[in-house]
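Q: Dock chains B and C against the given chain A, drawing on the hints supplied.
Going down the list, the sequences are from chains A, B and C. Take 1 as the starting number for the first sequence in full-length UniProt numbering and just add one per residue. Take 1 as the starting number for the second sequence in full-length UniProt numbering and just add one per residue. Take 1 as the starting number for the third sequence in full-length UniProt numbering and just add one per residue.
What the hints contain is simulated information worked out from the structure, not anything from laboratory work. A hint or two may mislead.
[To be verified] Taking lysine to any residue pairs in the SDA-like style, the calculated list, with each CA pair at most 25 Å apart, reads: (1) B:Lys-57 with B:Ser-125; (2) C:Lys-288 with C:Leu-334; (3) A:Lys-291 with B:Trp-436; (4) B:Lys-398 with B:Leu-387; (5) A:Lys-57 with B:Lys-398; (6) A:Lys-291 with B:Ser-32; (7) A:Lys-132 with A:Val-40; (8) B:Lys-15 with B:Glu-344; (9) B:Lys-291 with C:Ile-430; (10) A:Lys-57 with C:Ser-63; (11) B:Lys-134 with B:His-55; (12) A:Lys-288 with B:Thr-17; (13) A:Lys-291 with B:Leu-387; (14) A:Lys-132 with C:Leu-334.
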Amino acid sequence: MGACQSFREMCDRTKNTNIRFSLPAVCVVWQSAMIILFGVFIRYDEEADAHWVEHRKANNISSDIENDFYFRYPSFQDVHVMIFVGFGFLMTFLRRYSFGGVGFNFLIAAFGLQWALLMQGWFHSLDYTDGKIKIGVESLINADFCVAGCLIAYGALLGKVSPVQLLVLTLFGITLYAVEEFIILDLIHARDAGGSMVIHTFGAYYGLSISWMLYRPNLDQSSSLQRSVYHSDVFAMIGTLFLWMFWPSFNSAIADHGDGQHRAAINTYLSLAATVLTTFAVSSLFQKHGKLDMVHIQNSTLAGGVAVGTAAEFMLMPYGSLIVGFCCGIVSTLGYIYLTPFLEKYLKIQDTCGIHNLHAMPGVIGGIVGAITAAAASETVYGHEGLINTFDFEGEFKYMVPTVQGGHQAGGLCVALCFGIGGGIFVGAILRLPIWGDPADDNCFDDEPYWEVPEDEESVPPMLQYNNHFPNKDVVESNFTVEQDARTRS
Amino acid sequence: MGACQSFREMCDRTKNTNIRFSLPAVCVVWQSAMIILFGVFIRYDEEADAHWVEHRKANNISSDIENDFYFRYPSFQDVHVMIFVGFGFLMTFLRRYSFGGVGFNFLIAAFGLQWALLMQGWFHSLDYTDGKIKIGVESLINADFCVAGCLIAYGALLGKVSPVQLLVLTLFGITLYAVEEFIILDLIHARDAGGSMVIHTFGAYYGLSISWMLYRPNLDQSSSLQRSVYHSDVFAMIGTLFLWMFWPSFNSAIADHGDGQHRAAINTYLSLAATVLTTFAVSSLFQKHGKLDMVHIQNSTLAGGVAVGTAAEFMLMPYGSLIVGFCCGIVSTLGYIYLTPFLEKYLKIQDTCGIHNLHAMPGVIGGIVGAITAAAASETVYGHEGLINTFDFEGEFKYMVPTVQGGHQAGGLCVALCFGIGGGIFVGAILRLPIWGDPADDNCFDDEPYWEVPEDEESVPPMLQYNNHFPNKDVVESNFTVEQDARTRS
Amino acid sequence: MGACQSFREMCDRTKNTNIRFSLPAVCVVWQSAMIILFGVFIRYDEEADAHWVEHRKANNISSDIENDFYFRYPSFQDVHVMIFVGFGFLMTFLRRYSFGGVGFNFLIAAFGLQWALLMQGWFHSLDYTDGKIKIGVESLINADFCVAGCLIAYGALLGKVSPVQLLVLTLFGITLYAVEEFIILDLIHARDAGGSMVIHTFGAYYGLSISWMLYRPNLDQSSSLQRSVYHSDVFAMIGTLFLWMFWPSFNSAIADHGDGQHRAAINTYLSLAATVLTTFAVSSLFQKHGKLDMVHIQNSTLAGGVAVGTAAEFMLMPYGSLIVGFCCGIVSTLGYIYLTPFLEKYLKIQDTCGIHNLHAMPGVIGGIVGAITAAAASETVYGHEGLINTFDFEGEFKYMVPTVQGGHQAGGLCVALCFGIGGGIFVGAILRLPIWGDPADDNCFDDEPYWEVPEDEESVPPMLQYNNHFPNKDVVESNFTVEQDARTRS
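Just chain A, same shape as in the assembly (with noise of 0.2 Å):
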């Protein structure tokens, strides 16, 4: 076994994680085209546009706090934070993985949102007098929505990728997204404000199924770099909590202005609020001497929030986001206990940050609890104008009736599914391409490969680092070594 293992790493030694060109020329390269394709599309939208004080007073707009603008940026701003700082930080948990955590999840969001501002732009707000994409407050926010999609993605496959590929499983990822969202939301006519389909089951699908098509049988599941340290745990919750927390502003965030809005947020915070209680329960109740699991309070707490995800804008009720969240936090760490090892060993899907657990199966249930509540409307409950409002009922769609909206999501649910595991498959294909800079199986879940890291000097007592007169430099510098020798002199 000493051989077959010392000929695995010479063959990984001969992996070439050097990205020095691939990651600066499709950085430069991708950047250059986005440049170009901004200035053949897109433009502002008129409430952005300096044309907008004739706009408003020809539309009889009383005042500028009308702009979309003051209804929808400090939502925007919160959904901000949950890109960059929640999933950022929720993937620092590896003891020698942080830099790669929230630096890779940094690059990919900054790149991925203006690739969805394009998509998105061309299925949804082309303004066919121009030729133009005409952005607003609200493509900002589906910009970053759609780069959610792909943060959940890099989850499934945290420490085992170069960033090379996770630009491209970005650039893949996005275009699905626009696809699949405009055929949800446009041709089938689904709702989903909060994304439990588009994003959640859609990425997470996507993410796992990459990771499939990458299995490394060699991984060596033992190695302490996948695991946390103390440290890095406390880390990880800054990430957790700004997510759980934001969460009603993500749900909410494109929903209808005034009630839709409102009960977005409500219906989140309730749900998510049940989650954590069940979270604490079932990671006491399935561990020796009921000690609580740092895993599971990182991520399980927040599958309330991704199960509401669709359902949030509707009357569900506040005892039906807390029956949600109940049941999605128990969900969710029973599949960190159970079904995470499972899926490894039996289907071959390394999940590192456990998305299966966060995203995939609230998702889906979201899906079709979104599709439940859906089905379940009545004019008794919504009011005449408020059902036609909260379902769209508007325009081609102005005979549909509630029953039938819930087979629409139903439908909805599908697409994201096949969207995802089609897609993933696809894309996994091309990742597995060896040109793309991947790390040796030894070297994954280390930031060595594609980072500068500092020594770690810590270890060294702060007197010697101030006071030392050795007369070699060299010994000084390899700290442990001297201060042994001195102690051992003295």
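A: Only chains B and C this time, still in chain A's reference frame:
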């Protein structure tokens, strides 16, 4: 002494911190109760209900932007951050209790806000036409406020109680809060937008009384576990800063629309700024060599926000806010230097986070400042309508005058004190029962009893991690061995 | 060389870093002065005053939601987070200067904002009817902006100055800022909503000039204290991300209501996204093995926000923003690689955080971009009213045209440069006086002189911490020895 110690240790060992059944049981049963009670009692208010469109038209509200959501949601999110990240990270300062600090804070806040919606709802927003509680964004803010009282109490007990005890503390704390709040705000008609009395005074004395009831005479004060490490102090600064920055939102969140919220934010901003300077001054002046103490910077800088809680919405004047902040920085820092050791030694009150200095004293000061400011109010300063709006001199309080209002404010402060102390003694007595799984003295301030703590390999210097050639593996450390084997064999 | 070094050390030892009297004296006296000046000068403006109800009715303002509070408060809170958490945590990257980074940032910001309210008030919002400064939420934002200039300057001096020096730097910095801001915005009539010139160019050259005056020729550049450790780099990413995410709020916070704020947010969002990609590209391309450098990721990714500060509210167009961001990522990262060492070696400017790359160059670029964009403005693009509103062509500037405005913008940039460099040399001369308690060369970049630093016991392996049975307790406390004994013995 060695024998004595080992005897004590043996006794402690008999303490059972296994919460494998009690914690899950409490979480699941209470959460189920919440679902039932929410089902029976809680509905959306008219601004979050799908009937809003009709309501809006019937009431001649010209735009969706006048939905209370847009007045209060940004402040709500700031308050939410204070509760979960602010309080949570402020409690991560202990070297080995960061999981418990941020994690249990998370748990009890998530439970507390649900129970608070019910308790506050019964007292404040019960709709007598249908017997339902109607909730909106203001209810969510009030629930977060209510939770803050319990989190303050947790500060005194940090590291010395089990999560089950904390949930019991929260259940009773929320209940007491709702009652005292009803008495103070509705019956006595005191004003307390930022909760100097209702939240801080009550919460702090509630926690201190419980701590007095749970006094641990043999707690090793010299234990290194009661101190911080470098990084845990930096983590705690995250909590400090988010509390400090968002305190203007806290004090203005439920103030009157328009000038009320505006003024409350300005006053709090100024008071907090002044507190920072006097905290730094006193911290440096009373320390050997003038070195600053992180404990003061982390906590006392916040005292100014507590102390303008009541008066923030009044015409306290900018210089008035500065004066309050100036004094509180001094009082609070001196409290940490002189009062906390005194309380522990002579009054047998162990106060882990020093909430007496951060919440109790500034809260009482805030109540007094509020009473004086109210008594000094006049139509010259407030204007006729301004006076009525600010102090709500309407309905049965139509003939109230400022001087009398000042007396009512003082009365409110007394009620908060009584509920805090009385409630704390009562709940403390319950928590002394030997059934809650609290830790032994030796296990206090340690995450070990309730959390799966990752082994920390940081202590092994990098070169050893990869190239160690020590003959005796066990000494080098268990978790390493595997990796090492692999390498030496190859 | 050993003799030389020990002589230098001896000289340094004579440096007195004891600030036990100077720091408290400055804090208390200055804070008292603030209280008096606020008492004499500062009152609430009409939107924060209790007379608002009457004002609203008299001015036919239909709803409380049109109070400026609701237009600007969410942006204000984002800016507030940037000042305290953004700048604060960005400066925690040094391994042993995190307390000083985040703590002194806190201190000088809290003092600076008070002084800024006064200084800016005298120049901008003095009500000549009663001789009072009237403050509202926009004043708070402007005060935070003013503070940002001084915090940028602190970045160049990080780790090399005492808190008393920092307070002096802030006092003069705020004063200079208010004067140059008055000249640039009011006299020259340049526009600078995001402060590329007024904040960044001024602040950066102010700090660099002070650093040049305080040059320390013997500072040990190889000192490990000038480097980061793994966790301190992750802490710094908290600062980076909050600055990055909230920069759209920074540039739009005081822009015109409606389309002005909306457009400024979109432009900043896009520019920052482009910067991330080129920063990653250059960082990888110029590093051996293509490894990314955390210093670049932490800092250069922000350059795009600086550089659209002036032009963000103009019709820069989405692709224009991307181009600005694209260039600044490259310029800024190259600055870190080539210019910072050059500045230190040949110009004797020691720039700890590299503010020349993050603020100075992008600030100047921002000023130029602003001038060009303004000069290119036309009624076709802006509309008649849009042009007047955006550039404020009203009152005495009624007959201004865009091309001339471009010249004025360029003039503004020159003023900012002159004030920065001139002011910095002047203040630097004052700070060279040997009375401020600044640290010796050997104590630079170390929290030890000004903070009670907790002993770090992390190096003791967990098993020793909890089960030690060593006879000699003192030995156990001096953490390393035991572990080592165990090793050498075995």
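Q: Could you run down the list of hints and mark each one as holding or not?
A: Results for each hint:
1. B:Lys-57 with B:Ser-125: holds (23 Å)
2. C:Lys-288 with C:Leu-334: holds (15 Å)
3. A:Lys-291 with B:Trp-436: This hinted pair holds, its Cα atoms lying about 15 Å apart.
4. B:Lys-398 with B:Leu-387: holds (11 Å)
5. A:Lys-57 with B:Lys-398: Roughly 43 Å separates the two Cα atoms, so the pair is violated.
6. A:Lys-291 with B:Ser-32: holds (22 Å)
7. A:Lys-132 with A:Val-40: holds (8 Å)
8. B:Lys-15 with B:Glu-344: holds (24 Å)
9. B:Lys-291 with C:Ile-430: Satisfied, since the Cα-Cα distance of roughly 24 Å is no more than 25 Å.
10. A:Lys-57 with C:Ser-63: Given that 25 Å is the threshold and the Cα spacing comes to 19 Å, the pair holds.
11. B:Lys-134 with B:His-55: Given pair Lys-134 of chain B, His-55 of chain B holds - Cα atoms ~15 Å apart, limit 25 Å.
12. A:Lys-288 with B:Thr-17: Distance ~12 Å between Lys-288 of chain A and Thr-17 of chain B Cα, so the pair holds.
13. A:Lys-291 with B:Leu-387: violated (55 Å)
14. A:Lys-132 with C:Leu-334: violated (35 Å)
In summary, the numbered hints that this structure violates are 5, 13, 14.
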